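Colleague: The chain contents come next:
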Amino acid sequence: MSLARDIVDRIFFPNRDVHAIPVLDGGFSPNKRLDAARTLVQFEKPDGLAAGPDGRLYVSAGSTVFACSGDGFGTVERFAGTDGPAGALAWTPNNRLLVAVEGRGVHAFEVDGKSTGILETVERKPLRCVTGLAVAADGMVYATEGSDRNVTGDWLVDLMQNRKGRGRLVVCDEDLSEGRTVQGGLSWPAGVAVAHDEAEILVTEAWSHRLSAVSRPNGAVRVLKRNFAGYPGRIVRGSAGDYWVAFFALRTQLTEFVLRETSFRVKMMDRVPPELWIGPSLGDHVDYREPTQVGRIKKLGIQKPWAPARSYGLIARIDGDGEAHESLHSRVSGHLHGITAAAEIAGRLYVLSRGHGQLAVIPLSAVEEGGVA
Amino acid sequence: MKPLLRLWYRHSPQLFISELLEKRWMEPIVPFILMCVVFLIFIVSIPGYTSLIQLQQLMRSFPEQAFVAMAMALSILSGGIDLSVAAVFAMANFIALYLLQVLGLPFPVAVLGTLLWGACIGAVNGGLIAYGKTRPFLTTIVVLIIVRAAYNKLTAAFALELASGYADSPVWDFVGVGLIWGIPVNMACLVVIGIVAHLYLTRIRSGVHIMAVGSSRKAARHAGINVKRSLFTTYVLAGMLASFAGLLYAARLNSAGTDTGVGWEINALAAAVVGGISLDGGRGTISRALMGAAIIFLLINGLVQLGTHGSLTTATIGFILLAAVGFNIKFVKNKGKILQKIYVSPSYVEFTPPASIARDSGSVFAENDRLKDVEAVALDRIEGPEDVILDQDDHLYTVNRNGSIIRFLAPDYQEREEFARIGGRPLGLALDRDKNILACVAGMGVYGVRPDRTVFKVAEQTNRTWNRLKDDSRLWLADDLDVAPDGKIYFSDATTRYDLSDWALDGFEGRGNGRLVCHDPATGKSRTILKNLAFPNGVCISHDGMAVLWASTWLCRIYRYWIAGERTGELEILVDNLPGYPDNINRASDGNYWLAFVGLRAPVYDLAMADPAFRSRMVKQIPPDEWLCPGLNYGCVIKFDDAGSVLESLWDPGAESHPTITSMREHKGYLYIGGLENNRIGRLKLPAADKEWTGWESYWGKKRRDGRKDQTAAAGEGGTHVARS
Numbered sequence: 001m002s003l004a005r006d007i008v009d010r011i012f013f014p015n016r017d018v019h020a021i022p023v024l025d026g027g028f029s030p031n032k033r034l035d036a037a038r039t040l041v042q043f044e045k046p047d048g049l050a051a052g053p054d055g056r057l058y059v060s061a062g063s064t065v066f067a068c069s070g071d072g073f074g075t076v077e078r079f080a081g082t083d084g085p086a087g088a089l090a091w092t093p094n095n096r097l098l099v100a101v102e103g104r105g106v107h108a109f110e111v112d113g114k115s116t117g118i119l120e121t122v123e124r125k126p127l128r129c130v131t132g133l134a135v136a137a138d139g140m141v142y143a144t145e146g147s148d149r150n151v152t153g154d155w156l157v158d159l160m161q162n163r164k165g166r167g168r169l170v171v172c173d174e175d176l177s178e179g180r181t182v183q184g185g186l187s188w189p190a191g192v193a194v195a196h197d198e199a200e201i202l203v204t205e206a207w208s209h210r211l212s213a214v215s216r217p218n219g220a221v222r223v224l225k226r227n228f229a230g231y232p233g234r235i236v237r238g239s240a241g242d243y244w245v246a247f248f249a250l251r252t253q254l255t256e257f258v259l260r261e262t263s264f265r266v267k268m269m270d271r272v273p274p275e276l277w278i279g280p281s282l283g284d285h286v287d288y289r290e291p292t293q294v295g296r297i298k299k300l301g302i303q304k305p306w307a308p309a310r311s312y313g314l315i316a317r318i319d320g321d322g323e324a325h326e327s328l329h330s331r332v333s334g335h336l337h338g339i340t341a342a343a344e345i346a347g348r349l350y351v352l353s354r355g356h357g358q359l360a361v362i363p364l365s366a367v368e369e370g371g372v373a
Numbered sequence: 001m002k003p004l005l006r007l008w009y010r011h012s013p014q015l016f017i018s019e020l021l022e023k024r025w026m027e028p029i030v031p032f033i034l035m036c037v038v039f040l041i042f043i044v045s046i047p048g049y050t051s052l053i054q055l056q057q058l059m060r061s062f063p064e065q066a067f068v069a070m071a072m073a074l075s076i077l078s079g080g081i082d083l084s085v086a087a088v089f090a091m092a093n094f095i096a097l098y099l100l101q102v103l104g105l106p107f108p109v110a111v112l113g114t115l116l117w118g119a120c121i122g123a124v125n126g127g128l129i130a131y132g133k134t135r136p137f138l139t140t141i142v143v144l145i146i147v148r149a150a151y152n153k154l155t156a157a158f159a160l161e162l163a164s165g166y167a168d169s170p171v172w173d174f175v176g177v178g179l180i181w182g183i184p185v186n187m188a189c190l191v192v193i194g195i196v197a198h199l200y201l202t203r204i205r206s207g208v209h210i211m212a213v214g215s216s217r218k219a220a221r222h223a224g225i226n227v228k229r230s231l232f233t234t235y236v237l238a239g240m241l242a243s244f245a246g247l248l249y250a251a252r253l254n255s256a257g258t259d260t261g262v263g264w265e266i267n268a269l270a271a272a273v274v275g276g277i278s279l280d281g282g283r284g285t286i287s288r289a290l291m292g293a294a295i296i297f298l299l300i301n302g303l304v305q306l307g308t309h310g311s312l313t314t315a316t317i318g319f320i321l322l323a324a325v326g327f328n329i330k331f332v333k334n335k336g337k338i339l340q341k342i343y344v345s346p347s348y349v350e351f352t353p354p355a356s357i358a359r360d361s362g363s364v365f366a367e368n369d370r371l372k373d374v375e376a377v378a379l380d381r382i383e384g385p386e387d388v389i390l391d392q393d394d395h396l397y398t399v400n401r402n403g404s405i406i407r408f409l410a411p412d413y414q415e416r417e418e419f420a421r422i423g424g425r426p427l428g429l430a431l432d433r434d435k436n437i438l439a440c441v442a443g444m445g446v447y448g449v450r451p452d453r454t455v456f457k458v459a460e461q462t463n464r465t466w467n468r469l470k471d472d473s474r475l476w477l478a479d480d481l482d483v484a485p486d487g488k489i490y491f492s493d494a495t496t497r498y499d500l501s502d503w504a505l506d507g508f509e510g511r512g513n514g515r516l517v518c519h520d521p522a523t524g525k526s527r528t529i530l531k532n533l534a535f536p537n538g539v540c541i542s543h544d545g546m547a548v549l550w551a552s553t554w555l556c557r558i559y560r561y562w563i564a565g566e567r568t569g570e571l572e573i574l575v576d577n578l579p580g581y582p583d584n585i586n587r588a589s590d591g592n593y594w595l596a597f598v599g600l601r602a603p604v605y606d607l608a609m610a611d612p613a614f615r616s617r618m619v620k621q622i623p624p625d626e627w628l629c630p631g632l633n634y635g636c637v638i639k640f641d642d643a644g645s646v647l648e649s650l651w652d653p654g655a656e657s658h659p660t661i662t663s664m665r666e667h668k669g670y671l672y673i674g675g676l677e678n679n680r681i682g683r684l685k686l687p688a689a690d691k692e693w694t695g696w697e698s699y700w701g702k703k704r705r706d707g708r709k710d711q712t713a714a715a716g717e718g719g720t721h722v723a724r725s
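Line by line, the protein sequences are chains A and B.
If you read the first sequence in the UniProt record's numbering, its first letter stands for residue 1, the second for the next number, and so on.
If you read the second sequence in the UniProt record's numbering, its first letter stands for residue 1, the second for the next number, and so on.
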């Protein structure tokens, strides 16, 4: 029966989602490089990361944006407060910091931390779930809205509601005016970046596990890579014409199975608190009562690194065609999970771990050596 | 609706089928069904097919073909093939008639002569194949041609003598047309020889050697089997079987026609293949050959009776055989896969939300830091101390996953020695009156170690469940035990469907697969006293010695089973709806009981337990490592009393040192903590505990409490009464 369905699907829906989760292989081969990262600063629920024009690193955590400076970015100052949990960050060419605020929209701040504007609606629909921000060289601001039903923090609820195509990619001018939708019907677009040649916008879609490129002149979409093994999140430019994609969690067969089991999923959402659901986690919450999978039972006190992942740390360097060239992992037994943002500055990769609440750094030369080896 | 659902999933047909598929005698199920179907079709389509005369007629003519098929099967099982069987059969027919009717020799001589012929031609085949290293196919086809040609010449030469000859032998006639209790003589011969041949191939050394040679000639030679002699024997036996068939044929028909036995080698080959005998050798049985022969015989016979045209008959047989063989190959190949897909058979378990374990909940189970600073004994020097026990000299005994009992010497427990090696996977421990250490050993049963380190067996089997396909007489996963004041040993056999490595899957199933067994050392007998229990674990005799307390891990309950006093034989739930999965229960010095939680319940898992269909689909769709399972990574220790109320809990926050806690043992003011998957034993000082109290004293010495009747009376009111299952 399932074979017949599979054949029908293949013929009639060649672009469908494939359920088989690929193994971590090739560019995604597991390693422990993220675990070797050096912790710079601890944060409470960090989310977004951006390098400022003043050489400081800006981190959003909770309802605050912090600026990290000094040697090893160890000096943390409060930069601005927002009226909701702050998420994605991006700097515009005219030196304003854009902050995605959950339930509100996109705020703009001057370099001195003064609020200068806000984008709350695009095409009369409120922007309550901005997941990613990117600014082109000409000042055009691109933002992804994960869903029109849920706010950013309810990402797991949105996944479990299993509604596809409720997100969109929007664009506005540098001063947050003239907002319009570039592409609708996206499944939780979680990250956006302007391609190195400024001709296309790269968008990751977490729930359909793919990376697409949207042409800036005409809005044509081409899917670069489908069926990632994890949920792709933020995407930022790398230094060598490539991009860093942060995967905030890995897909598991159990999660995919529960997504097919509608009645069980509805019961689960109804009766069980979200942090105890079957599903991915950023690793920021440990509970004795969370669901366990057979492979995750500790043996002689050891958590096996290959166990089915509830939370995981993964960031991958991909080329313009979406092919992964190398990746940095913090495996199931590791301690840098739920990577939500990254920035490559002067040969170092700064990553933000939501799960373990920290900003950490990995010297990229080591990455290069590791990548070659 | 729910009781019905529960009943359905408890006795799921899936369970029955999976246990059926495990049986070895299920392998020839396809040929067996085909045989029955063929028989039924002809019963329906041919009038009078089941009349006595007709059946006798069928039984009279079948054995000859069956013997030839057996001869063929034997040679195939040895890894070769004997195509000459039909020619040998025909020649034997001629020889029997010639000896009896032309030469007028007595019946026994004729029988011997015929069998000698078979043995001789078999020796030629076997000699060439085994010692001359010729190919069986070519050798026997050459013999077939020569013998067939000789047969044609001889029958032509002696046609007149054979036609006019007459054997005046009542025995000969009896073999030909006689009946024994309504069964034709030759059919009786077939039954007897069939059984003998089966026993020969499965029980007798030289027969087993033939099977071994067929399975793998190289391995057989390495095992020291005389391969050549085995092959030689095979062909001699095959020749004798074929010639015996010829003898029966001669007795029945008294004629040697030119078409006697023509094409029978093909029928015999088809019978072996349809019966599911592998042409690669070594796989198959005599009964399969007979089933195959019966299918071919019934088909030919039935189609002839229906008046089908000869060529059509052959074609029909060909098609049916093709389909059956194709299906059989697929079935045999995929049987294991089917079993794998359906073996785990989830049942319906409904839970209500348990008491909270949250730190600030104020419940008795609330998380705390009492095990945070627990001292580690034997850190990384022990692998999986499921249970720990201390003797009167304060030495610490524990189990290791390699099957040994390890002792750490008092007072500092730095010196480690292997006290005894049992094998299997030792789990629960107990001390009896004579200070022997008794251990439940998963996969083996219950064993004991005397103070002088000699190992002895206590029990390895119990009575078999008569209405179950699976043979559960062997102890499968003996888990924990305790000794009653009268010396009887009560132990739990946690599940009869899974090995210890898959014990979490038993929880995934949630069915009552386990049992509580009582071993009486006086008689040496073990008896199942409670069955269909969901992972019985943690057996402990109450302080008063009148009841057995045991925990059902997957149902999160503690039961009490009375073994003495007026309530003997009653079972009741003592504590229900625990927030964790209970494991071992042990006595505490204050007259209460310690209980280990091996895991903690997850709300999602509870939800899944009430949805067996969901779990069934999970089993089919995703690999075992990804299945949802009980949360076995965190645990704690609790204390409860005889009235069933929980008094306190001890937590290791984050379960950093003790991910699984399966046991704890109090000894002289300290609590020793073991875990099935831990790398250490924890040691915690109990400030308020009796410094003199030891387990052995509490069972057999001066710390016994079985005089306290008031406690018993109070306990009787505390528990909820349930019917005996």
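Treat the hints with caution; some may be incorrect.
What the hints assert, rightly or not - Taking lysine to any residue pairs in the SDA-like style, the calculated list, with each CA pair at most 20 angstroms apart, reads: (1) A:Lys298 / B:Arg474; (2) B:Lys531 / B:Trp562; (3) B:Lys457 / B:Arg416; (4) B:Lys341 / A:Glu261; (5) B:Lys620 / A:Glu261; (6) A:Lys298 / B:Asn402; (7) A:Lys298 / B:Pro624; (8) A:Lys267 / B:Ala610; (9) B:Lys525 / B:Arg474; (10) B:Lys341 / A:Gly295; (11) A:Lys304 / A:Gly320; (12) A:Lys267 / B:Lys333; (13) A:Lys299 / B:Val455; (14) A:Lys299 / B:Trp562; (15) B:Lys457 / B:Tyr413.
Derived from the structure by calculation, the hints contain no laboratory data.
Note that the structure is a prediction, hence the values are computed from the model and not measured.
Colleague: Broken hints, numbered, in rising order?
Modeller: The structure conflicts with hints 1, 3, 11, 12, 13, 14, 15, although it agrees with all the remaining ones.
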